[in-house]
Amino acid sequence: MRALALEKRQFHHVETSKIDLPLMARIYKAEGIKIDRRNLRGYRIRACYFCDNNDFSVLLKNNMPREPKIFTLAHELKHHYADQTTITDGTIRCGDYNRNELIEKAAEVFAAEFIYPEEEMLRDAKELGIEFGTCSAEDVVHFKMRRFAPISYTFIVKRFEWFGICERGAFDNVQFTKVEESVYGVPIYKQDWFKKRRSSKSSLSKPGGE
Amino acid sequence: MSDVYKYIGEKIRELRQAYGGSGLSQEELAERMKTTANTISRWETAVYKPSADDLLRLSIVFGVSIAVFFPGMENPHLTALLSATGDLAKNDIEELTHYAQFRRARQMLKDAKKRKRR
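Chains as they are written, first to last, in the working numbering: chain A, 1 to 210; chain B, 1001 to 1118.
Simulated from the structure, these hints should not be mistaken for lab results. As the structure is a computational prediction, the values presented were derived from the model and not from experiment. Mixed in with the good hints there might be a few duds.
As the list claims (entries may be wrong) - Derived lysine-lysine pairs resembling BS3-like cross-links, with alpha carbons at most 27 Å apart:
hint : chain 1 : residue 1 : chain 2 : residue 2
1    : B       : Lys1113   : A       : Lys29
2    : A       : Lys34     : B       : Lys1110
3    : A       : Lys34     : B       : Lys1090
4    : B       : Lys1011   : B       : Lys1113
5    : B       : Lys1034   : B       : Lys1113
Unchecked claim - Chain A stretches covered by chain B per the calculated footprint, using a threshold of three residues with CB under 8 Å from any CB of chain B:
hint : region
6    : 35–42
7    : 184–193
Unchecked claim - Among the chain B residues that face chain A by a calculated CB cut under 7 Å, a handful are:
hint : residue
8    : Gln1017
9    : Asp1092
10   : Glu1095
11   : Tyr1099
12   : Gln1107
All C-beta atoms in this analysis are idealised placements derived from N, C-alpha and C, irrespective of residue type, glycine included.
I would like the entire structure built from these sequences, with the hints used as guidance.
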């Protein structure tokens, strides 16, 4: 799976630091896959890959943050490359989550490698001085804030666990957003003065506002 | 192709006139669809061809499935793979079925256009 991900990265000239939603959309277009964005009510489905009659499309949950959206799009790409036959001949079906588990895990591996190859991430971690066994929550935050790749805290922690940089479950109870705010400060959009200004601006722009 | 769009047009008119018991005028439907009454009129007479997205919005306004605009559209099989966090709830399956019907509708409109070109 990792080899396939690296091959496809090369094919689409993907550079880790340049991965964003428009780039993913361009890759999908080049592959002939339509992306249908919907605000899904359920919380379980992130995306769904459909293929039949030479028609390929992905239903994407629009109401989720940017990083998981990019990851999900990469995940669905794997289904396009590797699972079309299994889908069209009816071997697997929606909702058979346990039966699909292996396929899904492979898609997770593909997506992770597609977005941020292991070797590259290990090199970046070393560059930041993050060492085996000494990784703290602040290190994870510093790593994310360097924006090497559009990845979530969950992604970083899982990879660090995989590399052996930290122990499995070591950050289970850590709220990284709070750590981030304590290290880097509260982001502008969360600050009171900004919220007040935004609400006063929006009340002015409403019909009937002064 | 005109048959497909003629059927769709008749269905739009039927649903509009039956809406809520007293029906909707073309202007009222146009307002809900954020389009013009002229467009609604032309959809109904199959002069304009509504897209799959238009039909989806119409189906939401009327509270019906998009399948009603296509004669004999069965519930498409959910031959798909999804990123979900566990077994699906009834709501999730419903959303996926609606999406599968939307895809089928889009394919049928595409086929209708292809036939016309030939």
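Verification of the hints:
1. Between lysine 1113 of chain B and lysine 29 of chain A, the direct Cα distance comes to roughly 21 Å. Compliance with the 27 Å bound is thereby established for this hinted pair.
2. Distance restraint check for lysine 34 of chain A and lysine 1110 of chain B: the Cα-Cα separation of roughly 14 Å lies within the 27 Å cut-off, and the hinted pair is therefore satisfied.
3. About 25 Å separates the Cα atoms of lysine 34 of chain A and lysine 1090 of chain B, which keeps this hinted pair within 27 Å; it holds.
4. For a cut-off of 27 Å, the pair hint linking lysine 1011 of chain B to lysine 1113 of chain B stands: about 19 Å separates their Cα positions.
5. Between the alpha carbons of lysine 1034 of chain B and lysine 1113 of chain B the distance comes to roughly 25 Å, so the proposed pair stays at or under 27 Å and holds.
6. Interface restraint, the region 35–42 of chain A with chain B: holds (5 residues with C-beta to C-beta distance below 8 Å; minimum three).
7. Counting residues of the region 184–193 of chain A whose C-beta sits closer than 8 Å to any C-beta of chain B gives 0, which falls short of three, so the coverage hint is violated.
8. A cut of 7 Å between beta carbons decides the hint on glutamine 1017 of chain B: the least distance to chain A is about 29 Å, and the hint is violated.
9. Checking aspartate 1092 of chain B against chain A: minimum C-beta separation of about 4 Å stays under 7 Å; hint holds.
10. With 7 Å as the threshold, the beta carbon of glutamate 1095 of chain B comes within range of chain A, its nearest partner Cβ sitting at about 6 Å, so the hint holds.
11. A least Cβ separation of about 5 Å between tyrosine 1099 of chain B and chain A falls short of the 7 Å threshold, and the interface hint therefore holds.
12. Hint status for glutamine 1107 of chain B: holds, given a least beta-carbon distance of 6 Å to chain A, under 7 Å.
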